[in-house]
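Chains as they are written, first to last, in the working numbering: chain F, 1 to 396; chain S, 1 to 396; chain R, 1 to 396; chain E, 1 to 396.
Check each hint, because a few of them may be wrong.
The list makes no distinction among identical chains, and a pair is therefore deemed to hold if it is satisfied within one copy or across any two copies.
Said to hold, decoys possible - Using 20 Å as the maximum straight-line C-alpha spacing, the simulated EDC-like pairs for lysine to aspartate or glutamate come out as follows: (1) K35 / E57; (2) K275 / E304; (3) K35 / E54; (4) K35 / E357.
Just so you know, the hints here were simulated from the structure itself, not pulled from any lab data.
There are 4 protein chains.
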Amino acid sequence: MPRSRTRHHGLAGVGLIGTSFMGRAHSVAWAGAPKFFDLPAPALACVAGIDAAETHEFGRRWGWMRSTADWRDLLRDPSVDLVDVAVPNHLHAPMSIAALTAGKHVACEKPLAGTLADAHRMRDAARAAARKGVRTFVWFNYRRAPAVALMHRMVRQGRIGRIYHVRANYLQDWGGPSTPMLWRFDASAAGSGAHGDLNAHIVDMARFVTGEEVVEVSGAVARTFIGRRAVTPVRRGARPRTARSTVDDSLAFIAQMSGGAVATFEASRVATGHKNRNTLEVNGERGSMRFDFERMNELEWWDETQVQALRGWTRIMCTEPVHPYAHAYWPPAHLIGYEHGFVSQAADMVRALSGLEPEVPLPDFEDAFATQCVLEAALRSARTRRPVLVRSVVRG
Amino acid sequence: MPRSRTRHHGLAGVGLIGTSFMGRAHSVAWAGAPKFFDLPAPALACVAGIDAAETHEFGRRWGWMRSTADWRDLLRDPSVDLVDVAVPNHLHAPMSIAALTAGKHVACEKPLAGTLADAHRMRDAARAAARKGVRTFVWFNYRRAPAVALMHRMVRQGRIGRIYHVRANYLQDWGGPSTPMLWRFDASAAGSGAHGDLNAHIVDMARFVTGEEVVEVSGAVARTFIGRRAVTPVRRGARPRTARSTVDDSLAFIAQMSGGAVATFEASRVATGHKNRNTLEVNGERGSMRFDFERMNELEWWDETQVQALRGWTRIMCTEPVHPYAHAYWPPAHLIGYEHGFVSQAADMVRALSGLEPEVPLPDFEDAFATQCVLEAALRSARTRRPVLVRSVVRG
Amino acid sequence: MPRSRTRHHGLAGVGLIGTSFMGRAHSVAWAGAPKFFDLPAPALACVAGIDAAETHEFGRRWGWMRSTADWRDLLRDPSVDLVDVAVPNHLHAPMSIAALTAGKHVACEKPLAGTLADAHRMRDAARAAARKGVRTFVWFNYRRAPAVALMHRMVRQGRIGRIYHVRANYLQDWGGPSTPMLWRFDASAAGSGAHGDLNAHIVDMARFVTGEEVVEVSGAVARTFIGRRAVTPVRRGARPRTARSTVDDSLAFIAQMSGGAVATFEASRVATGHKNRNTLEVNGERGSMRFDFERMNELEWWDETQVQALRGWTRIMCTEPVHPYAHAYWPPAHLIGYEHGFVSQAADMVRALSGLEPEVPLPDFEDAFATQCVLEAALRSARTRRPVLVRSVVRG
Amino acid sequence: MPRSRTRHHGLAGVGLIGTSFMGRAHSVAWAGAPKFFDLPAPALACVAGIDAAETHEFGRRWGWMRSTADWRDLLRDPSVDLVDVAVPNHLHAPMSIAALTAGKHVACEKPLAGTLADAHRMRDAARAAARKGVRTFVWFNYRRAPAVALMHRMVRQGRIGRIYHVRANYLQDWGGPSTPMLWRFDASAAGSGAHGDLNAHIVDMARFVTGEEVVEVSGAVARTFIGRRAVTPVRRGARPRTARSTVDDSLAFIAQMSGGAVATFEASRVATGHKNRNTLEVNGERGSMRFDFERMNELEWWDETQVQALRGWTRIMCTEPVHPYAHAYWPPAHLIGYEHGFVSQAADMVRALSGLEPEVPLPDFEDAFATQCVLEAALRSARTRRPVLVRSVVRG
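Just need the whole structure built from these sequences, with the hints factored in.
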């Protein structure tokens, strides 16, 4: 990648596209970052949505100075330095590329795209933009759970040593038979189902934490357990109309890492009892670590170098000032929550655009493209029932 | 108590006194409440601190429109409807009473006061103000951890039945021998140590959850393990100057509840390994419940009415839309943190001042006075080594 | 105590009195000890019960060579070196004293006795017997849960340092309103209820682990929640006959330890959801430890000397060969169960009678008497509502 | 399979082959079964080992009446009804087949065999023997952990419904680089490594609990992380001699179940921090369950039919008399351990041979052969990097 020539003017103003779940999370992030962190506050310049009235109301509530029903307004707005793309996956490419072309930095929701072709175009656009000092970011928010950032640090400190195993599951259960048809079940909007939504996170986390790349994917099994879903609203008395779900409800695969570790990945939306069970475990020669987002303030660590009688799994409450990001929030064990990963990422993006180092590396489009290739390899493995080398995807 | 004659004008503006830990938490609360909850947004009108420049900077960062180094300015400010008192305990009484006298609603940090005498005066002032429609609130934030609010609901639904035991510990460990002298170790500013700071919370929570009152306290043991603490800054080369700590590092006592339950309470700042271990357990004839703030999104529930083969402790992740307050935040198991208890309380205070019901009862000065009497009974029991009836404190 | 003059002939044969729950546990212990441990096998010479046929059947099933309906037979039996007393509390004194007088070693179930007077006589008899080389033991089985034995070791290794807090609960829930009248609810047979049954264990464990003595008890509250219980069998159609329960269902108290720590103890048989929740926690200047019998293979340890970023509660699975007793059983994490504490104690008694050191100290009548005095102090505190010095009990 | 014509003479005497880890576990099982369960006691007739003196000593210690250094003695011994085969995997076939041929019932350690060819011959021998009323059993001991037996029951009660996911890991960590060469690392004796040793258990458990068969295996990755191991004893001063490990240290694969569920299996001996982490999770439409042997007395259950506000993971302590096998042991939450699975299996085998039903189904050679085919399919998938249908193995 060509070296960035950014002159680090900082971040004066943000324009957000999207007023749904992620729109709210990002709004909280941009507003909170300069409170919790000692940083200049970017203006929440403008929010773009579909419906003008709803977008106006969203903007008023969540602190945006202006609103628009035309996202292209943001590209023309000189008070907007960065466009934040928080919309369904198939819109990531056109919006991000347009923004980059307009010279705006872009912070895009994950996964990078719904398709590899889109992801490819985004990466190329990012490379071109980088030559002009324009930056890209992807909201892989879980990197900034303090426990996950600590895992990243601990691997680099040599506390795990040679890695034998990676075990990563992202399990949810909201996709049971009673859940109606949504854009997330439509391949043309979402690309894939649990896979793109959830495996994207844990592939990113595994790469981020271990510092290794996925080199091969095998044995992938994708399953659509619920083939048809009700189309709402259901008219009274009428037999419910249904539509075919065109995405996976779950996708599991086995991977080989560049350092020799064997990894298992599994994403599901029908793993009953798991609401947001984003887990990552790493077993190495010198120690092990495991993370469960449902207890996101905690990291479990096994120190194989401890004397045997005292060895055990240590639950580290990652809320001490010495822990990543924890200094910014509350006293020890005064827990932080889901939104704080976004707040910390916003803070790190502000830092990056001011020429400062983020506390842990920020994913850009290049980095997210590598994750996308792993996701694509898994899809191909599921289709062909053969092992797939990730480099064959990158080059293919 | 005379019935309130509030005409429910809502809450137009807030004035905050205090720019420290609680000042930050309350700032987040007032700013966040109208975002997460569908409520009119009160203005963050003015913040008052000690140093003008620092207070100005605090106000800028945390979203206050104006700042002042004279808290009495708030009393004269027509844009301020409610004064939020977030300062050391000995200042609760003078500031709250002045604000009430000026016709402002008051939201005071817990404990109500450092001394019973102060608490008495505050309750009397609140009674007088109530006659004019002026409201009081106390920031017992843990009532609004969704799990604690759910405990409250479940007792009222009859899921616990006759209560046999209450077990409440609030354990921290920041008060070890290396911690220097602070206002919190000075009885003249703090009233008491771990007791007023931590037992205040769990006595309030026990009363709130069970709906029972503490009638007798016995066996209280207060202990100052660290008798002298370094006065900072320590001059280089000089032998560190120390000062005497005049408060308890821990205080434990046994209580009898109005419904017959036996309760144990323990607060400590030297319980090594516990950072913010605020726990409450209730055992009853039909079931049990337990809460640990270090896993604040979870409630453990035992249903004695379940068939025996399937009975067990059920860990309820209190993040479903049906759980108290959870509807306002993120999807299931996208955890909330410490600050959200404050956000929810701010929202409920806005509701209350608009004539709406809070999701669970809000503590006022009258209610907090009852808690204060229990704390006082424990102090007397620790001093006299005798059982103390709480009603003897109230009347005495 | 006069120094023992035992000539360590080893243990050739055991005579057991009792064929109920403890009779079974002790039978497993005596049979298992020489299997798991590399020790000479004592003969299971004779078991004594009430009903001849039932005792015979018990003996056949549990591996005893002979049986008798007259426990005094054991005193005359030259093949019996040690009499094992596993009967209700009020029989501990007469049987143990008779056995000691007959020159037999005695292993008595806990608590030492139902009353202080009995305990006194037993201690005196043990002292007299000791002069003739006759030994006494008390089955405080939980000392030999590997995790508890490890706590004992770790305190001695200085890993906890100055102790601030001890927190011990022994909670069960089988004593609800539907449980009929049993000898355990009759003060004349049991002495006390949850207190003697359960607090006996945790007072012993707290003394054993900390190496400190309880010097004062205060605030004790004893409660009989279920005043009357059905007398079984209930005749059909008849209104159930009830009898008055004369023992406590729960008893909680606060204690001060000889090293300055503050301790809380609580025993209950109506703590719904807790089946055998025998917990002990110790907080000290250099670290903390906690144990929960319901996860008896695990010890949780906090190392305050670890660097802050890596500090946490470490769950040590106490099944490594380096852990106390674990070498005798199965490979790591192939868990042991309740009975193994008895097996390990039997092994240590065989060792002691062979002149070898037990892995951790064995409680004798002298030691159990000290525990009994703490229990008595708690009963007096509950009665008088005053603090009670333990030394006033010992001497009084 | 031809219907058994056993005339159910009961079990008069057992002959054991093997004096190592499993020899001890089975000895405890045969001795304990008639104590804990109300069953006729089989004689521990004879134990066979390699070294006469050591076998004699083993027999004395663990309660066997006679011993021999020639295992064929058992086949000729009329007091032996059942031969218990507790030796390395490659000896399972010759010994079992010889015993069956001699008309003895056989209880063989798992896995059925080290190779599919051996397993095939054993199954055929078992079929032939069955026609004469001779029975076979395989020691898949974990089926009789009460929690696992309860999972089996709950699936049959319809509490899980349609199964979406099975997740099974068996993780140990004793196989790190410092572990020397053992028979378990030699393919000629062990067949495979972690796979045959550990995946055997979890494949059996998954089949047993779900009642579904594995129909396809894909993506298997086998890994020998530690290629060479020291041959002991190491001579002082000499450079340690090493030998090549010819088995897998870990093997992971993905499976499809006959009912449509997607399953993941993983076995490892280098999963640092996991000593005996045998876990099984099942997610279904009506609920989920998960088991971790390191907390073997507990089962976690999610009831999707509970009202939403009270739904959660329920930790069932499987020690109530209503739970499988728990009635035989101690009171509630007086935990049982690893060995009790063997005791319960011995009891069930005695029952079966007396014409009674076991509490849950006992695996015979036919059943274990089905598990062996899944293991073989995984090995083939690892070798060919292709999906393998299990029926192709059975028939192939």
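When no copy is specified for K35 and E357, does a C-alpha distance of 20 Å or less occur within a copy, between copies, both, or neither?
within (19 Å within a copy, 31 Å between copies)
From the Cα coordinates, with 20 Å as the cut-off, is the pair K275 and E304 best called within, between, both, or neither?
Close across copies (12 Å), not inside one copy (32 Å); limit 20 Å.
Alpha-carbon proximity between K35 and E57, which holds within one copy, between copies, both or neither at 20 Å:
between (24 Å within a copy, 11 Å between copies)
Intra- versus inter-copy proximity for E54 and K35 (alpha-carbon distance at most 20 Å)
The answer is between: 15 Å across copies meets 20 Å, while 27 Å in one copy does not.
Checked against the numbered hints given earlier, the structure satisfies every one of them.
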